[in-house]
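Visitor: Residue-level listing of the chains:
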Amino acid sequence: MSENKHTEEKLSAYDRVKLARSMERPVITDYIDRLFDDFIELRGDRLHGEDESILGGIAMFHGIPVTVIGHRKGKNTAENIRYNFGMGSPEGYRKANRLMQQAQKFGRPIITIVDTPGAYPGIDAENHGQSVALAENIATMSCLKTPIIAVITGEGSSGGALALATADKVFMLENSVYSILSPEGFASILWKDASKAPEASEVMKLTAKDLYSFGIIDDIVPEDENMFEKLDEMLLDELKILQGMDETKLLQNRYEKYRTMGSVSHG
Amino acid sequence: MDMLDILDNKKNSLKLLQDERKGTSSAKLIQCPQCGSEYDSKMWKKRHRICPDCGYYMAMTPKERIRLIADESSFAPMFEKMESLDPLSFPGYRQKLTSLKEKTKHRDAITCGTASIGGIKVCIGILDHRFFMGSMGTVVGEQIASLTEYAMDNKLPLIIFCLSGGARMQEGMFSLMQMAKTSAAVEKFKNNGGLYISVLCHPTTGGVSASFAFLGDIILAEPGALIGFAGPRVIEDTIGQELPEGFQRAESQEKNGMIDKIVERQDLRDVLYKIIKMHAR
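Residue numbers (numbering that gives the first Met the number 0), protein chains in the order written: chain A, 0 to 266; chain B, 0 to 280.
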C-alpha cells in the first residue's frame, strides 16, 4: 500500500466524500478505455429489460479475456440522467448476474468498477424485486468459481455497491469512499438531520485508509498522475495470483474472508 | 364444518371477545397501533398478537414465536452470550447496548437455537424488534452464519424469522459486510442440499431484505408486513410523489412474485411442519 502523504493530512472524511462524487472524476468508460482492449458491451437481463445504469461486457486485459461490470455514471447532467446517476435497478443487477454466470461458464475472471450512490429507491425497482436482485448477486458472487476483483472508484454506497463488490480482492482509490449508506442518509436516520453529513462522514469510517486498517478492503490505489498505470499493474499482479489458485482454495479463501469480518465477544 | 357450526363458533368467539374487552382481570390494557382497540395483555397473547377488530399483526418477541411454532419445551438456545465489540467505537453505542440488554434480557437483536416441529428437529433464528429495530450488525451476522453452518453440519432445516430495519448504522461497514457473510453462508448451505425457509415479518427492509431474507428456498410472509429494500420515506423523497396504496406490503409483494405464500400466524406451525416433512433427508 502506498499513499500520497501530501493530500492525506489535509482532507477530512467529508472532503473525500465530495471528491468521490465529483463530476471531474473518471467514470467506468474511462477505466474501460484505459485498462482494457476490445471491450464489447453485452446488454439486457433476458427477463425484463436493459438498465443502462449498470454497464457490462467482455474485454481483453493483457491478453486475458475478462468480464467487466460496473456502475455507470455520466460526464455531464444529461448523461447522468440517462444513466440514473449510477443507481442500478433490478434489471441492471440481474444483467450483472447473468454476465457473472457467463464468466464462470467460460472461466473468465471478473473485474468490477464500483461507483454508486446506492441501488435506486423507486416504485418499479421495488416492485421488480430490488432486494432479491441484490441478495442474489451477493450470494452468486460469494460462490462463483472464477476470480473476482472489485475496484471502488468513487462512491461505494450500501447494498447497491456490495452487490458488485463481493470479491476475492477489493481495491479502493485513495479518494473513494465505501459506506453502509450515504452520509446524508446516515445523519438523517441517526440524528434526524441530513445536514450533519460532514460529522457523519467522520464517525462512519468510510475512507480507504480506515477500511484498509479494518481489513475490509485489500489495497489502496494512489490518485496521482500514474493512477491508471498503477491500477493496471495491481490488477494484473492480483489476477495472476488468483488465476494460479485452484478452485477449492479460491472459494475457501473468499468464504473465509467474509466469514471472519467483524469479530464479536463470545461472552 | 356446516353453517350451524360456523354460526356457533362466531357466537362463541363474540362472547369471548366481549369478556376480554371488559378486561376481567387486572392485567393492563394494550392498544392496537392500527385501530386503537384495547384488550388486556392475556388476550393479545392468546390471539398471537393479532388484533381481533382490524386484523393488525403486532410484533412478537422471539419467545412468543418459538411458542407459536415449536414443540413444547423443545427449544435449546445457542450463542446466548455473544456480544458486540462496538467495532467503530461509535459515540453512545455501548451505553445504548447496555440499557437494551437490561430491558430485553437479550444481548443483541437475535435469538437462535434448535427446536422440533412435530418431532422434526430444526435450526431457528429469530430477529427481535426490541433491539435496534432488529438491525443487523456483527452479532446478528455472526449468529446467522454460525446457525447456518450448524444446520449444514447437522443436516437440519433452517428457519429464519426476518424482521429488521436493515443494517445497523452504529457498526458501519462491519454491518454491510454481514450481508456478504450471511449470504455466503446461506448460499453454501443451500448448495449442499440444505432447506432454508425464511419468514418475512413486519418490517423486512434494507440490508437484511437484500441478503439472507430473500435467499430462502421457500419465502413465507406474515400478512400486512412491509417488505422492500428502500424505506417508503426514502422512496417518496427520491421520486417526489405519494406511494400507491398497499405498496411494499406482503400482499402486493406476493402479486409481484417475490413471496411464495402469505401465512396467518395460527397456520404457521402447520405449514412449516408440512414443508419440512416433505424435505426430510
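Honestly, the hints are just simulated from the structure, not real lab data.
Idealized CB from N, CA, C, for every residue including glycine.
Please note that a few of the clues may not be correct.
As the list claims (entries may be wrong) - Covered stretches of chain B (in silico footprint by chain A; criterion: 3 or more residues with CB under 8 Å from a CB of chain A, positions within the stretch not fixed):
id : stretch
1  : 79 to 90
2  : 135 to 141
3  : 176 to 187
Visitor: Now tell me, hint by hint, if it's right for this structure.
Guide: Results of checking the hints against the structure:
1. 79 to 90: As far as the stretch 79 to 90 of chain B goes, the hint holds, because 10 residues have Cβ atoms under 8 Å from chain A.
2. 135 to 141: holds (count 5)
3. 176 to 187: That given contact holds, which follows from 11 residues of the stretch 176 to 187 of chain B lying within Cβ reach (below 8 Å) of chain A.
Of the numbered hints stated above, none is contradicted by the structure.
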